[in-house]
Every structure is written in structure tokens, then in C-alpha cells.
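Participant: The primary structure of each chain is shown beneath.
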Amino acid sequence: MRLAFNPWMAASAVLAVTALLFPLGAGEIPLAWFDLPGLSVFVLAFAAACAWLARGKIRGLPLGLILLGAVFIGGAAALYLLYRAGAGGEARLGFWLFVFALWAAAWCGLDAIAGFASLNRLAQRGVDLLVPLLFGCWLVFLWEAVTVGFGVPQVLLPSPSMIAVRLAGSLDILAADFHQTFVKAVISGFAIGCGSGFAAAILVDRVPFLKRGLLPLGNLVSALPIVGMAPIMVMWFGFDWQSKAAVVVIMTFFPMLVNTLTGLNAAGALERDLMRSYGAKYWQTLILLRLPAAMPFIFNALKINSTLAMIGAIVAEFFGTPIVGMGFRISTEVGRLNVDMVWAEIVMAALAGSAFYGAMALCERAVTFWHPSYRQRR
Amino acid sequence: MMPPSMQSDPVSESVAAAANRDRESVVRARDLSLTFETADGPVFALSGVDLEIDRGEFVSFIGPSGCGKTTLLRAIADLEQPTGGTLAVNGVPPREARLNRSYGYVFQAPALYPWRTIERNVTLPLEIMGMSANERRAKAGEYLDLVNLGGFEKKYPWQLSGGMQQRASIARALCFDPDLLLMDEPFGALDEIVRDHLNEQLLRLWAKTQKTVVFVTHSIPEAVFLSTKIVVMSPRPGRIIDVIPTDFPRDRTLDARESPEFLEIAHRVREGLRAGHSYDD
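Which chain is which? The protein sequence lines are A and B, in order. Numbered according to the working numbering, the first sequence spans residues 13 to 390. Numbered according to the working numbering, the second sequence spans residues 292 to 572.
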């Protein structure tokens, strides 16, 4: 087997060794690597391992796992430097070079894992999930290192650890906000908006003059600015979640209408002629042919709307709300400079939004399994 | 040069058949015309078509692209509306015949619904007609066996080859037992080996079910091999220029294509097609 020299790993080794030559932290008495002999030995070992691996004798999944294991220990060491050894807030070149060395190694490790291809579907699926997960962890680590290492003010950007502590410490508030915004406003608004958009599409498709009359009006509604509509909805439906649900309905109605209409025309000419040759009635053609053929389009709308609904409900809460809700919390905690709480809400919104979208995508897979983008030959 | 007119050949019809003609005629067209109005002016898809198809016949429409052979088939199926003349299917207007489910239509593409299994594709017309689920399943089994697709009930169309898909679509067209089978270049997209095989199977199916088949093709060997009557058509305007009866036995095999009679008829079809073309130039 021809050995493939890996320059990135060599770079990692060089960076790690160079890091040892520079100070770690400023302060009254500058922190240096020789203050921490154990860690220095580890960095040397890390550099040696990278240099050895750079020859390319080991590759693929084993290489990736070895490298990421080393990066994990290295990352823990970096965090130790920040929190325990006193480099936090005043990290110097020695520390950053070490982070860059980790970066190069993490890059190679992820690259090696991402190239993994297996006929075992379970193993493949596991690795496919592992890559974004590890990449996410690496980004969070970088975020932590940068915010703590440079001593970034909490108001500008809190560190992930700070956000996590805040998140864990205010679970009851977050749960109440989640219930108010997501369970009440988003779910009901989404259901009503998508349901009415779907029903309107069936009606528009059936009644030709509506296609000319209603569609342009629908277009107008979709162009209404949410920040203009939200206060009006509050006046119409009160301060509680109903007005937020109304905003979500307005936002989700049109994508569903347009996508369903397109989908209803997606069935091919032969397939329609076939139904005609059987003397099928309108609703038989609708249920047996046109709606199944429209499903990919309908799910497209459901996925678009799942994220739109989140945005709509949160933004709508900026315009009058009871003292609970994700949007309310974000707007008030920003005013009180409790940015870590804002970030905790953002994390929760991101998780809920992703889960919502993921649920739609899973349903889509189950319903439109026959579509060329999902089908597998047995 | 005028092509030989063979539209009514008294020799090919027995006296008894002629007497029972009204009762036995499955398709009867008189001076049929069909004009599409397009932005570039009218297109004469069919003009002055007279045609008689009797029960149990296998009739092929052959001709170059644009000669109106598919349009004629679609008019019989009430998928196009003629603009002149009269057309009767089973003695009634095409619309009524369609609502009576008098025909099964096989398209150029299988047109199977990808979200339905093969079995449920075949039973689609039965479902529309309101047959119970058990009866439907029994019918599907019966007709899938007829087209040699037994055991593929639970597969999806996209898991099958093109030839198998087209066979499933034939089973679908037959499963509600219509009198008439309309086939629009059903094997046009398949390779020649599969096509020969399916032609043989189709002949056996025709002999077994005693259906009347109307078959559109642009392959001369296919038309001669399958048909009891070949209708040669010509474009601009779409019209019939020759009707050629053939008298091969019903249980002919692919070897029949080597016989002198076969070659003679194929020659006549080719002559007819050539004559139709010289009209334009």
C-alpha cells in the first residue's frame, strides 16, 4: 500500500511543538508551559502521535477515532488551562497555537470518519449521525475556548457553559415558555393554517374563478409584514396565545395553499386519462390519484411552515403578551442584559424547531416512500 | 398515384358476419374527422375515416408519427372529441361506452401509481367500480397469473423491470373484463427481445380471452405478426389509406415471421406506407 503523507497532521504536530515555545497566559506572573510539566509532556506526546500518523499508515475510521480521541483529551486539557491554570480571559499565543493544533487534528479526524462507507446500513447510519454530532461538539468547544480565552463580555456572547448552566437552572421558566409559545400558539396556529390552506387549495382547484380571484389576494396576504400584522392580531384576539396563533395562521396559510395547488396538478396526463377511462368521479380521482401525487408538495409546505410557525409565534410575542412565552422572555431578558437567558431560549427554540421539522421529515419519508428521492430497491 | 382502396373487402367477411354486422360490430366509424385548433391554425388529425372493427378481431393501426393513429384510438376511448362524422363503440356513443367501462386502455407508458403495490395497481379499476376487497384480491391474483406476474403482488412498480410493469398494466386493463382492449404502442419503449416475447404472450392472451384488441404501433413486423386486420394510415390529414386482412392461425409463433405469406403482407404494408408519404412530397 502506498503511504499518503498527510500535511494537515504534520501541521498539527508542528503547531503543537511551536505552542510550547510561547507563553500560555498573561497576568501578574505570566503563565508558561513549564509551570505545567504534565501538560507539556502530553502536548509533546500529542505532537509525536500526529507526526507518526501523518505518514498515512493508518487511515479511515481507525485514524479518525484515534485522532478524535486525542483531540478530546487535548480539548479537556485546553479547558483545564482556561479554568484551573488561570489562562482564562488572558490566553496568549501558546494557548492559541495549541488550539490550532487541535483544530488541524480534528479536521483530519472528521475528514477520515466522513469518508467511511459501509454496506452495513446500521453502521453507515451511525457514522452519518456521528459526523455532524462531532462537528457540532467541536464548534461548541471553539466557542467556549474563544469566549473564555479572550474573556469576551457575557453581554456580547456568553460561553456555552454559561448558557448550559442558565438553561439547567431555569428549566421551570423554560418549560412554561415552551408550553405557552410552542404547545399553544405554534401547534394550533400551524394546524389551523396548514389545514385551511389545504382546504382552500382543494376549493380553488375545484372552482376555476377562485384561481383567478383568490390566488392574487392570497399573494397579497403572504406579502403582509408580520411586524405590522402582529399588533393588529393582538387587538383582535387579545394578549394571550390566540393572537400569536393567528399570526402563525397568516404565515403558514399561503405556502400550504400554493404548494398543494401545484401538487394537485403534479399527476401526469396518462395517469389522469387512466382515471377518465374508468369513468372515475371527481373525488375518486382526487383521493386515488391527485392527492397521493401531491404529497411531496404538501410535505414541502409542512416543512417550510414548521420553521415559519416558530419564527411567527416568537416574533408576535414582541407585540404584547402575558408575562410568559419564548418571545416575551427574549425581549425582556435582552432589556435586562441577561443575555445568557436569551441564549437559553434560543437553544430551546432551535431544539424545538429542529424536532418539529424532523418530525415532518419523518412523516414525509413514511408517506412518500415511493418518491424517487426515497425509494430503495428492496 | 392513388393507393389501392381496400376499405371493404367482401371476400374477408362471411355472409353471416355481414348479416350480423350491426350486432357484432364493436367499433364503427363513419366519415370521422377530428381537428385540433392550435395557435398556428387548425391541425387535421383525422379526416374522412371509415372503419369497422368486429368482435374478436385484432386490429392494428400503423403509420408514421402524426398520422392520427393514437388520436383515432383516443377518440374510440372518448379521450378526444371528434369534430365530425359518427363514431359508435359497442353500438353506443364513445362517452356512454366509457362510462359502461367497455374498454381497457393500455398506454405507451405503464402509468402504474408508484404508491400502490402491483396488486393494488391492478385492482384500481375494481376499487373505482366499488368491488369488495376480497373479490378484488382474487381478481388481481387471477389476472396477474394470466400475464405471468404471480408472486409479484406485494412489489412496488419501481421494483419491477419495464416489461413487467407493462404486463402489470395489461392485467389492470383486463381485470374488469371489458369487451375491448385498446393498446397505444404498449411495447414501444421496450427492447426488441422483450418486445418479441411480450408479442407472443399477447397473442396467447388474446386467444384465451377472446377480446377484441385495437393496437397502435409503428412497427411493421409487430403489426403483421399480431393482427387479423392492419389499418395503414397516413398523415396530414390523418386518414386510412389501406386495410389489409391477414389470415394467420391464432396460435402462430414468432417463426411465422419467416414465412413467405408474412413477408408478402409486410411488403404490402410497406408499400401502403410509402404511397401515403408520396402524397405529401
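No wet-lab data here; the hints were simulated from the structure. Incorrect hints may appear among the rest.
[To be verified] With a Cα cut of at most 30 Å, we get these calculated BS3-like pairs of lysine-lysine:
hint : chain 1 : residue 1 : chain 2 : residue 2
1    : A       : Lys293    : A       : Lys223
2    : A       : Lys196    : A       : Lys293
3    : A       : Lys196    : B       : Lys499
4    : A       : Lys69     : A       : Lys196
5    : B       : Lys446    : B       : Lys499
6    : A       : Lys196    : B       : Lys446
Participant: Provide an ascending list of the numbers of those earlier hints which the structure does not satisfy.
Facilitator: 2, 3, 4 and 6
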